[in-house]
Amino acid sequence: MANSVLDKTIQDFKEDVYRCSFECFNCTTFSPEFLPSCPAYEKYGYFTYASRGRSGLMEAYLAGRLPISEKMSEIMFSCSLCGACRVCCQQDWKDYNIEAFMAMRGEIIEKGFAPAKLRDALKSIQKYGNPYGVPGEKRGEWATGVDVKEYSGQEYLLYVGDEGSFDVKGQNIAKSLINVLNKAGVSFGILGKDEITDGHEVKAAGEFGLYEYLIEQNVELFKKRGVKKVVTLSPHAYNAMKNDYPQYGADFEVIHYTTLLNDLIKSGKIKLTSKVESKVAYHDPCYLGRFNEDYDTPREVLRAIPGLELVNLLRERDKSFCCGGGGANSYTDLLSGGDNAPSRIRIREIRDSGADIVAVTCPICMIMLEDAIKAESLEDKLAVKDVSELLLQSAACCCG
Amino acid sequence: MKSDVVLKALQDIVGEEWATSDEATLVPYSYDIGGLSTPSRPAGRGEFVVMPQTVEQIQEIIKLANIEKVPVTPIVFGSNMGGVAIPLEGGIVLDLHRMNKIIEVNEVDNYAIVEPGVSMGMFERELRGRGYWFPLPMSPPNASSVVANLLLTGIGHFASKIGCQSDLINGVEVVLPTGELARGGSCAFSEHWHSRYPIPDVIGLFVGWQGMTGVVTKMSVPIFKRPPYQMSTGFGFDDYTEAIMNCMIPFQARDIAHDVSAATWSFHNIQKFKHPMPERPKEDPKMYVYMSLCGFTEEELNFKKKILDDFLNTQKKAGLFTSYKEVPPSPDLTEIIRNIPNPRSFKFSDFKRGGGAWVGSITAASQWPIALPKLDEIMIKYDVPPSTRCTLLKGSNCGMFRCRWGYDSGNWDEIQRILEMSKELLRVILEHGGLMYKAPVWGSDIMLEKAHPGYKLLMQKIKKMLDPNNIMNPGRWGL
Ligand SMILES: Cc1cc2nc3c(=O)[nH]c(=O)nc-3n(C[C@H](O)[C@H](O)[C@H](O)COP(=O)(O)OP(=O)(O)OC[C@H]3O[C@@H](n4cnc5c(N)ncnc54)[C@H](O)[C@@H]3O)c2cc1C
Ligand code: SF4
Ligand code: SF4
Numbered sequence: 061m062a063n064s065v066l067d068k069t070i071q072d073f074k075e076d077v078y079r080c081s082f083e084c085f086n087c088t089t090f091s092p093e094f095l096p097s098c099p100a101y102e103k104y105g106y107f108t109y110a111s112r113g114r115s116g117l118m119e120a121y122l123a124g125r126l127p128i129s130e131k132m133s134e135i136m137f138s139c140s141l142c143g144a145c146r147v148c149c150q151q152d153w154k155d156y157n158i159e160a161f162m163a164m165r166g167e168i169i170e171k172g173f174a175p176a177k178l179r180d181a182l183k184s185i186q187k188y189g190n191p192y193g194v195p196g197e198k199r200g201e202w203a204t205g206v207d208v209k210e211y212s213g214q215e216y217l218l219y220v221g222d223e224g225s226f227d228v229k230g231q232n233i234a235k236s237l238i239n240v241l242n243k244a245g246v247s248f249g250i251l252g253k254d255e256i257t258d259g260h261e262v263k264a265a266g267e268f269g270l271y272e273y274l275i276e277q278n279v280e281l282f283k284k285r286g287v288k289k290v291v292t293l294s295p296h297a298y299n300a301m302k303n304d305y306p307q308y309g310a311d312f313e314v315i316h317y318t319t320l321l322n323d324l325i326k327s328g329k330i331k332l333t334s335k336v337e338s339k340v341a342y343h344d345p346c347y348l349g350r351f352n353e354d355y356d357t358p359r360e361v362l363r364a365i366p367g368l369e370l371v372n373l374l375r376e377r378d379k380s381f382c383c384g385g386g387g388a389n390s391y392t393d394l395l396s397g398g399d400n401a402p403s404r405i406r407i408r409e410i411r412d413s414g415a416d417i418v419a420v421t422c423p424i425c426m427i428m429l430e431d432a433i434k435a436e437s438l439e440d441k442l443a444v445k446d447v448s449e450l451l452l453q454s455a456a457c458c459c460g
Numbered sequence: 022m023k024s025d026v027v028l029k030a031l032q033d034i035v036g037e038e039w040a041t042s043d044e045a046t047l048v049p050y051s052y053d054i055g056g057l058s059t060p061s062r063p064a065g066r067g068e069f070v071v072m073p074q075t076v077e078q079i080q081e082i083i084k085l086a087n088i089e090k091v092p093v094t095p096i097v098f099g100s101n102m103g104g105v106a107i108p109l110e111g112g113i114v115l116d117l118h119r120m121n122k123i124i125e126v127n128e129v130d131n132y133a134i135v136e137p138g139v140s141m142g143m144f145e146r147e148l149r150g151r152g153y154w155f156p157l158p159m160s161p162p163n164a165s166s167v168v169a170n171l172l173l174t175g176i177g178h179f180a181s182k183i184g185c186q187s188d189l190i191n192g193v194e195v196v197l198p199t200g201e202l203a204r205g206g207s208c209a210f211s212e213h214w215h216s217r218y219p220i221p222d223v224i225g226l227f228v229g230w231q232g233m234t235g236v237v238t239k240m241s242v243p244i245f246k247r248p249p250y251q252m253s254t255g256f257g258f259d260d261y262t263e264a265i266m267n268c269m270i271p272f273q274a275r276d277i278a279h280d281v282s283a284a285t286w287s288f289h290n291i292q293k294f295k296h297p298m299p300e301r302p303k304e305d306p307k308m309y310v311y312m313s314l315c316g317f318t319e320e321e322l323n324f325k326k327k328i329l330d331d332f333l334n335t336q337k338k339a340g341l342f343t344s345y346k347e348v349p350p351s352p353d354l355t356e357i358i359r360n361i362p363n364p365r366s367f368k369f370s371d372f373k374r375g376g377g378a379w380v381g382s383i384t385a386a387s388q389w390p391i392a393l394p395k396l397d398e399i400m401i402k403y404d405v406p407p408s409t410r411c412t413l414l415k416g417s418n419c420g421m422f423r424c425r426w427g428y429d430s431g432n433w434d435e436i437q438r439i440l441e442m443s444k445e446l447l448r449v450i451l452e453h454g455g456l457m458y459k460a461p462v463w464g465s466d467i468m469l470e471k472a473h474p475g476y477k478l479l480m481q482k483i484k485k486m487l488d489p490n491n492i493m494n495p496g497r498w499g500l
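Respectively, the protein sequence lines represent chains A and B. In this text, residue positions in the first sequence follow the numbering used here: the first is 61, and each later residue adds one. In this text, residue positions in the second sequence follow the numbering used here: the first is 22, and each later residue adds one.
Everything labelled a hint here was simulated from the structure, so no lab data went into it. Treat the hints with care, since some could be wrong.
What the hints assert, rightly or not - Covered by chain A, per the in silico footprint, the following chain B stretches (three or more residues, Cβ under 8 Å):
| hint | segment |
| --- | --- |
| 1 | 92-106 |
| 2 | 137-145 |
| 3 | 162-174 |
| 4 | 224-234 |
| 5 | 272-281 |
| 6 | 414-420 |
What the hints assert, rightly or not - In silico DSSO-like pairs for lysine-lysine, Cα to Cα no more than 30 Å straight-line:
| hint | chain 1 | residue 1 | chain 2 | residue 2 |
| --- | --- | --- | --- | --- |
| 7 | A | Lys68 | B | Lys373 |
| 8 | A | Lys154 | B | Lys373 |
| 9 | A | Lys434 | B | Lys246 |
| 10 | B | Lys415 | A | Lys131 |
| 11 | B | Lys246 | A | Lys131 |
| 12 | B | Lys90 | A | Lys131 |
| 13 | A | Lys74 | B | Lys471 |
| 14 | A | Lys74 | B | Lys246 |
| 15 | A | Lys379 | B | Lys84 |
| 16 | A | Lys379 | B | Lys23 |
| 17 | A | Lys177 | B | Lys29 |
| 18 | B | Lys293 | A | Lys154 |
| 19 | B | Lys373 | A | Lys379 |
| 20 | B | Lys84 | A | Lys131 |
| 21 | B | Lys415 | B | Lys373 |
| 22 | B | Lys293 | A | Lys379 |
Said to hold, decoys possible - If you only want the chain B side, here are some residues facing chain A, beta carbon under 7 Å, derived:
| hint | residue |
| --- | --- |
| 23 | Ser61 |
| 24 | Ser207 |
| 25 | Ser430 |
| 26 | Gly431 |
Quick caveat: nothing in here was measured; it's all calculated off a predicted structure. Just so it is clear, CB atoms sit at the ideal spot from N, CA and C, and this is done for glycine as well.
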């Protein structure tokens with residue numbers, strides 16, 4: 061069955077781009093806190109990089125007044141699809157803008173203007189099922205020596221995802237999560253070399269055809285293996301599997317791993333006894349928070365850790381400031397680099413909160429924020445930790 | 022090529038990433054839907070956008086523009102809705118939003134010094150935290166410049182108490198069109214930025230000039246202690262004269278309310294309805310009057326409320342309120358006014374292809390009830406809701422008098438029709454002595470037809486003296 065968003069081309073948004081009608085620019089500011097909201101606008105500064113400017117570009121393009129160019133491609137792909145503008149914009153345009161941005165990306169790719177790094181990533185996905193240019197057989201190598209079994213009908217399939225499989229920081233998160241799940245006696249397995257990308261960022265890139273193909277592959281594989289429950293490491297995979305996959309016949313339950321951890325704590329299967337005496341700020345990832353409205357589960361997990369003090373950030377929950385890693389920016393890298401990279405802006409805000417640890421629940425956030433800590437030379441003041449790593453620290457004594 | 026030379030020079034001044042000549046990047050600087058231009062029908066196209074962060078960089082850019090004879094159009098957030106920040110004759114768009122420091126908040130002498138990129142939201146945030154407020158306008162976006170608003174003679178939410186925004190300027194620092202740095206107000210003599218007078222006034226050279234006479238780089242504005250007790254109340258009339266002459270003006274004379282405003286039924290309800298608007302139900306009033314009151318204690322607020330109630334009763338007894346109608350209390354209005362800047366204020370353009378436009382003026386209050394039926398008639402003729410709002414400025418000699426409506430911004434014929442209507446509306450307002458604010462070119466052209474020849478001559482002389490190469494925002498006000 062087709063997904064309505066995936067069916068749409070930029071032409072279908074012709075009437076709607078006019079809805080961004082006022083140059084009102086509220087899309088750049090969370091209110092009533094009056095703090096910046098749009099990571100792309102914060103990085104690049106030109107009006108064009110905010111939701112308002114993007115709609116203007118699309119309107120000019122649709123009217124035949126502006127050709128697609130490399131620069132237009134950079135502008136459209138620099139959006140992290142974080143959804144912050146949707147929280148800020150008061151016009152109905154907010155209900156369409158992200159879909160329109162994705163459709164415009166599709167158009168840009170079709171016309172041959174995809175950013176070079178994105179082209180490489182997409183080619184690699186087509187060839188190997190991952191964006192890293194590494195043959196699929198190597199996907200499971202990270203698990204060598206890790207106490208985890210291949211999925212063969214256990215209660216949960218742990219969907220590790222691209223970062224968890226190939227990026228060292230992502231792998232560390234996967235390992236600590238596996239450690240916690242093992243301690244709690246959870247029955248789970250991984251797909252190892254058979255796993256392929258979930259496709260969330262492919263959709264973000266506007267490559268709807270490839271996304272549909274990946275969904276179909278994944279759904280078929282999961283069905284073949286008899287998967288009933290999926291736990292994802294990444295909120296991006298969670299978002300895709302929860303909101304798009306069911307329209308392609310997926311009938312499995314999907315949860316983000318923080319939900320499972322919270323259940324394990326509540327049911328007493330994980331006992332947290334060691335104190336973690338740290339001030340911890342929680343960075344809401346866009347695809348668990350804004351897009352799936354789960355702000356509380358990760359916080360509940362953190363609050364359960366004895367000794368841990370949760371500090372508030374100026375921008376949090378639906379007003380969290382994106383690290384700049386979404387919207388296929390993990391492929392294009394258009395929001396990294398420089399003082400005003402969103403991840404660096406975010407890390408400075410976290411530093412100013414007085415926290416000594418920033419807790420994350422997304423491997424992309426982990427990668428972005430850790431790099432930002434280095435760029436800001438804050439290594440001796442601030443550390444990024446995944447929620448599962450903090451949990452492990454507290455659970456270690458009693459269980460292990 | 023000259024264009025390459027200019028771009029290279031701009032990038033040398035501000036750094037490569039903060040200047041561009043890219044066509045796509047320039048699109049959003051080329052239209053203003055409030056000013057009846059759209060991305061596909063731009064009103065003008067700049068060749069460069071540059072985003073300086075220091076005064077020195079602005080000076081260098083202006084000097085470069087003089088050498089290369091390239092126009093320069095200042096812009097901060099481009100939310101003026103009159104198209105007055107669009108580079109009509111191309112050249113450099115000087116985007117000032119990165120100059121966004123609140124340089125000083127002086128809680129002893131109660132003023133603040135801000136750079137042009139300080140938005141209403143940023144300013145409100147800073148002041149709120151300190152127990153202060155500033156008369157930010159009721160309806161603009163939180164991302165719009167405080168400095169630009171004051172330079173454009175905006176209308177704030179306690180204008181009835183303190184006058185129009187430009188009356189608030191204590192002092193400015195400005196880069197002149199030839200690149201020199203100048204100051205106006207007490208800051209020209211010391212670092213005390215407390216007042217505009219009593220010296221020969223030069224600040225007016227930059228007020229209402231739409232960036233044609235220089236680039237303001239710092240501005241001092243008064244700040245006010247925020248009264249913790251606030252309320253807004255409203256009531257209705259079926260007669261414009263009663264609403265304005267028998268209610269607003271005499272109550273304003275008591276100097277009790279900080280906002281005394283009125284709106285026609287369509288304006289009042291415009292946020293509620295999707296396009297097109299229904300007819301006014303007969304039981305609803307033709308005009309709503311709103312009063313905002315505040316106090317530093319509950320007692321003070323209650324006392325003001327009592328004065329208002331007594332006033333209303335006196336007018337009723339005197340037979341001056343024959344068309345008075347109670348309207349349900351509006352906790353919403355109190356909330357909106359408490360929470361300015363309020364991003365919800367332009368839902369009225371929220372339909373497919375919806376844009377919003379306006380004709381706003383400062384007009385003698387006595388003329389409102391006479392002009393209003395004529396404005397209504399014109400808007401009805403053009404099939405838009407007869408939607409007008411007025412706010413008394415300090416004293417009651419004049420006030421903001423503004424029509425506003427939604428339109429189909431995807432339909433060029435409709436845009437032309439709306440433009441014709443706007444011109445008709447402005448001509449009526451002019452007949453009644455009103456003057457359009459944030460005037461787009463069509464508006465200033467109409468006004469100039471009526472202007473005293475000496476006024477036009479003086480404008481030309483000032484412009485020529487300050488800007489001999491005519492580089493600053495050219496093509497406006499016939500200059
Ligand atoms: C929906 C909506 C509602 C609004 N309601 C109100 C309202 O109730 N009251 C009100 O007063 N306004 C209102 N406005 C208008 C607008 O918000 C203000 O006038 C605003 O403050 C302009 O700020 P800006 O940053 O957008 O300025 P811009 O549009 O960028 O610039 C405005 C003008 O000032 C010039 N300029 C800018 N900076 C400088 C500088 N540093 N030196 C010299 N010239 C400069 C520009 O060249 C241009 O001519 C509304 C706007 C919108 C979109
Ligand atoms: S995206 Fe929304 S908030 Fe931004 S300018 Fe458009 S309508 Fe306004
Ligand atoms: S989705 Fe995020 S990055 Fe993209 S325009 Fe909206 S706020 Fe900016």
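Satisfaction of hint between Lys84(B) and Lys379(A), Cα-Cα up to 30 Å: 42 Å, violated
Hint check: 7 Å Cβ-Cβ cutoff, Ser430(B) to chain A: Constraint on Ser430(B) satisfied, holds at 5 Å.
Proposed proximity, Lys246(B) with Lys434(A) (alpha carbon, max 30 Å): Roughly 43 Å separates the two Cα atoms, so the pair is violated.
Per-stretch coverage check for the segment 137-145 of chain B, three Cβ contacts closer than 8 Å to chain A: holds (count 4)
Proposed proximity, Lys379(A) with Lys373(B) (alpha carbon, max 30 Å): With a Cα-Cα distance of about 27 Å, the restraint between Lys373(B) and Lys379(A) holds, given a limit of 30 Å.
Straight-line alpha-carbon gap Lys293(B) to Lys379(A), limit 30 Å: Within the cut-off at roughly 26 Å; holds.
Restraint check for Lys68(A) with Lys373(B), where alpha carbons must lie at most 30 Å apart: 17 Å, holds
Within 8 Å of chain A's CB atoms, at least three CB atoms from the segment 414-420 of chain B: coverage verdict: Not satisfied, violated; 0 residues make the cut.
Status of the Gly431(B) interface restraint (C-beta, 7 Å, chain A): 5 Å, holds
Pair hint outcome, Lys74(A) versus Lys471(B) [Cα-Cα no greater than 30 Å]: Violated, because 42 Å separates the two Cα atoms, which is more than 30 Å.
Coverage of the segment 162-174 of chain B by chain A, judged on three or more residues with CB within 8 Å: As far as the segment 162-174 of chain B goes, the hint holds, because 4 residues have Cβ atoms under 8 Å from chain A.
Satisfaction of hint between Lys373(B) and Lys415(B), Cα-Cα up to 30 Å: Given that 30 Å is the threshold and the Cα spacing comes to 39 Å, the pair is violated.
Hint compliance for this structure: hints 4, 5, 6, 9, 10, 11, 13, 14, 15, 16, 21, 24 are not met, and every other hint is.
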